[in-house]
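Asker: Listed below are the residues making up each chain.
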Amino acid sequence: MDLNYSAEHEAFRLQVRAFLDANLPPDLRRKVCGHLRLAKDDYVRWHRIVAAQGWAAPGWPVEHGGTGWNAVQRHIWDDECALAGAPQILPFGVNMVAPVIMAFGTDEQKARYLPRILHCEDWWCQGYSEPGAGSDLASLKTTAVRDGDEYVVNGQKTWTTLAQHADMIFCLVRTDPAARKQEGISFLLIDMKSPGITVRPIIMLDEEHEVNEVFFDNVRVPAANLVGKEHQGWTYAKYLLGHERTGIAAVGRSKRELRFLKELAMKQQQGGRPLLDDPQLAAKVAQVEIELMALEVTVLRTIAQEDKAPGPQASMLKVKGTEVQQLLTELMVEAAGPAALPFDTDYLEGRREHAAGGDNALSPALVADTAPLAAYYFNYRKTSIYGGSNEIQKTIIARMILGL
Amino acid sequence: MDFELKEEQRQVADALRRWIERDYTFEDRKRIVHSPSGTSPEAWKTLVELGMTALPVPEAQGGFGGTAADLFGVMQELGRGLVVEPYFATVLGARFLTLAGGQEALLERVAAGELKLACALGEAQSRHDLADIAAKATGPADAAAVSGVKTVVEHGGQADVFIVSARSHGGQRERDGISLLLVEADTSGLAIRDGRTIDGRRAAAITFDHAPATPLGMPGAGWPILEAAADYGTALLCAEAVGAMDALFAVTLDYLKTRKQFGVPIGNFQALQHRMADMFIHLEQARSMAMLAAAKVDSPDDGERRRVVSAAKARVGEAARFVGQQAVQLHGGMGVTDELPASHWFKRLTAIGLTLGDVDHHVRRFTEQPGFRTA
Ligand SMILES: Cc1cc2nc3c(=O)[nH]c(=O)nc-3n(C[C@H](O)[C@H](O)[C@H](O)COP(=O)(O)OP(=O)(O)OC[C@H]3O[C@@H](n4cnc5c(N)ncnc54)[C@H](O)[C@@H]3O)c2cc1C
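Residue numbers (full-length UniProt numbering), protein chains in the order written: chain A, 1 to 404; chain B, 1 to 375.
Looking at chain B on its own, in the form it has when it is part of the complex:
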């Protein structure tokens, strides 16, 4: 067994980290967050140059064929650096394309950094259940157009192409009858409303009104791809959360050593020492589970994939809540200010907790896996 990043993985992550430390500082990020598009074309260019968009794409399409484990270090750095660029949405979209097959041309453009993707999966009523779909796939072969409203589509306002889940047949929460479709952002029948999210990122509400689409995979049989891709995204979010927690933990530890009250560093108080120790334990448990998820999300055994990913998201979610809240508390008044980065990691961790399933959702899914009752 080997829990270290491989040499190449380390190098990729290190390059990313150096760029973030130099050109994507907290001040740079703040400027980007408050800019009209909320993202930075220069930052995207650098991510492409660093090979980040090629990393998850298969080699045959000009990528590096990276696994989730390969992306672990990358996501961790993006979490540490609080990067708000539309990277995750594109990588998640690329996973859909890869799993569905037949999308070589698009994947080549993703690898080259020419194409940004967004995944329009959630709806107002669906909460964390991605099978709860009211949007309709219509037209010839049940997948030539789509109608419906997708909410909180991460980076939907910055994408060139959407991956949309819609229903060809079946009841609103049935897994059978789900289609995946590709919709161009500049096509007719689309209304995109872009806004900020609580963590300084962008998301959009998108109304599809008979928007022309092309099928992605077999119409009506999209659920296995949707579920597998979401699990992949979940594993990546776990890695990002670990990066954010790592950074938040480090600044908090530093604060405990430097902030003085009653003539001593506040880290001298046992009440805070024990809190910090608890945060450390949470973080390490979360790190372990995030690693496990990254290693197993590519598993050919679907049951194992589901079980491990849900366990990881639940455990990481618990840790993110504890570490985030305590880090703010230990910073005292400074912790609740906008000017201190600590509050921004806390907010990102909160957002990750609400994305692709919260703790309760994943605990429930864990208990629903075959074998939970017997082993």
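Excised from the complex, chain A in its bound form:
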């Protein structure tokens, strides 16, 4: 047993750090570390900077523009990006639809979409969930009926993350209504500019426009946009879901947030002393730190089984990762105390500047960085719901790992 990174890995880490130091724009770093909201351009800008370096899709095979990094290197990359406060490279293109296209798509689909995904020329979104099909995804009702060289799609998707920016959506659609639930589903790539598509915002509890409803009204989709075989979409969807869940552990981000929490708790005064001196709060911070340490090692143990497709262990990482994330946001609000009460969307959206230690609308003497914390806490309740709720993940663990 040796739980240290090798010298080569440490050297790689330094290389990544040097890249981030030189290339991560300070305004993006400030937004991410300060829990402000990112605009479309923030994501695109960062993605293209990384793509120019050739690192936008570390998990892809080299022939398609991947890096050839091993799993530990990929982990180090994710870790360092998150610690540095880089925006996330959104998973919908790179980590979700691309692996499916690579594994099951036609040569034309690969040639057309993969380079565009790599360089963020298309913004992708994920059209799985429907109003009646959440946890029970296979009960989806959106239909695609073959008509010559086209499919005609009708139905409604919901919770579609950032669809308001999207050029393309990958959808699960029902192509055989007579077949068993899982068997009549196909995987379609649909241009968001197609006539008959309507996107309607859903406003989240923190008043952010992050998800949408997407309506399909006789939308005509070229049959060439079918991925793999007709009626086999469920297999591809499951393949993809494994990819989605590993990222959700987000250890690097939690490490950054832990650091933020401690800084906040050192800055906040209680009885004239740093709040982190308070044994009650210190114990809670220590507990979440220990939980995060355990999670990191568990992630590394999973990674060490390189090349195995992400299996049901991913469910464990998702449950624990989101629990840690949520606890961190909760403790930030607790550490902020009454300073977390003011709610300032102008500040969150970057429409108003606050100098550090400066001009919070409600609490002039409070440091600006407490202002977004409650919104962040509220927003993060989603993490135990999306990507397959934590209850569903536990059922997967019980069934697939424990055989119950």
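Everything labelled a hint here was simulated from the structure, so no lab data went into it. Please note that a few of the clues may not be correct.
[As the list claims (entries may be wrong)] Restraint ranges, calculated between C-beta atoms of paired labels, are given here:
#: 1; chain 1: A; residue 1: 279; chain 2: B; residue 2: 224; range: 27 to 37 Å
#: 2; chain 1: B; residue 1: 224; chain 2: A; residue 2: 401; range: 53 to 63 Å
#: 3; chain 1: A; residue 1: 286; chain 2: B; residue 2: 301; range: 31 to 41 Å
#: 4; chain 1: A; residue 1: 350; chain 2: B; residue 2: 37; range: 25 to 35 Å
If you're wondering where the values come from, they're calculated on a predicted model, not measured in any experiment. Yeah, the Cβ is synthetic: ideal placement off N, Cα and C, and Gly gets one too.
Got chain A sorted already, so can you dock chain B with the ligand onto it with the hints?
Answerer: Using the frame of chain A, we list chain B with the ligand on its own:
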């Protein structure tokens, strides 16, 4: 012993509830929250007509002399209805006036609904410790003017008169040397910045710069009043939280019975049944403690008052966190939307948790009471 609301208490609460269900629906509330003042003059008028502003005021000043127990049902309904009007701030202010004495004229105007109060107690550094005061009381008799900055003053932008805590002498966290002062909202030397809070309410940052004031009670000896009034407010917040949890629990239970996945109502899944059972247990424990706090906050025994109120706020805070978070989780994606009321109860419960002392603060205060070590 009697754990039911008395007949009159029930009637008051029922009247309030009927009004909320008819005229203060979730849609009405949303409109009010996003209006420029964030409050509704019509709603205030109705609260006055229903006797809500007279309820806590002594009979001699034209009120009903209601106790905290009398207000229990009212606060519960306001929590259930997510009412954002400046009622709590005014009632808390009235408690200061009553405890300090000599403020009959103001109390009469409160009872008549002519006066809104706000309590400017917290400062940026004070967190949950209301004795941590940097604002200065100055001028003749140490209480003719006030200077300092008060933060997150609930409904400070909508009030006519402020009750302000300031220091006449002593170190920043000493209990000796605290003065309470009355400051008119339209006086000189005030800068009020109004904004929203996370639960859709209003609060203000107020800068006092030699603002003219009149003393409330004995200069330098305000702490006992401040502490007792804050305890009273805390007990009321516990009742409001129980109302909010009640409503949130009910909609969640309903959702578990109606939302179908895998061909059955999701309430069929044992994992969710047990969660719901845990929420129920939290809620009932919280209800018990909120009742106890309402019954004992008027106790002449200060030690008992402190002990019970802190126990209640700590227990209610735990329940509010659990019930709030789980209710959102059990609603799935719907739970994290703005359009569903569930998320708004969750946010109100979070705000109550940060107001007048969080769980840790009250657990600590509980352990500091004489007798904690011996009994
Ligand atoms: C912010 C956000 C972003 C999202 N982004 C996308 C996206 O981009 N694309 C997309 O397709 N979808 C997206 N989703 C949808 C997400 O995957 C679903 O919300 C999720 O699968 C849960 O479905 P539901 O909301 O219908 O909840 P439901 O399935 O109705 O679940 C309600 C509650 O019941 C529980 N439950 C359900 N079934 C069981 C069971 N068998 N046993 C125990 N408990 C159970 C759930 O865990 C939950 O607590 C997003 C959701 C959110 C909140």
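Asker: Let me make sure I understand: some of the numbered hints might not hold for this structure. Which ones are they, in numerical order?
Answerer: Every hint satisfied by this model.
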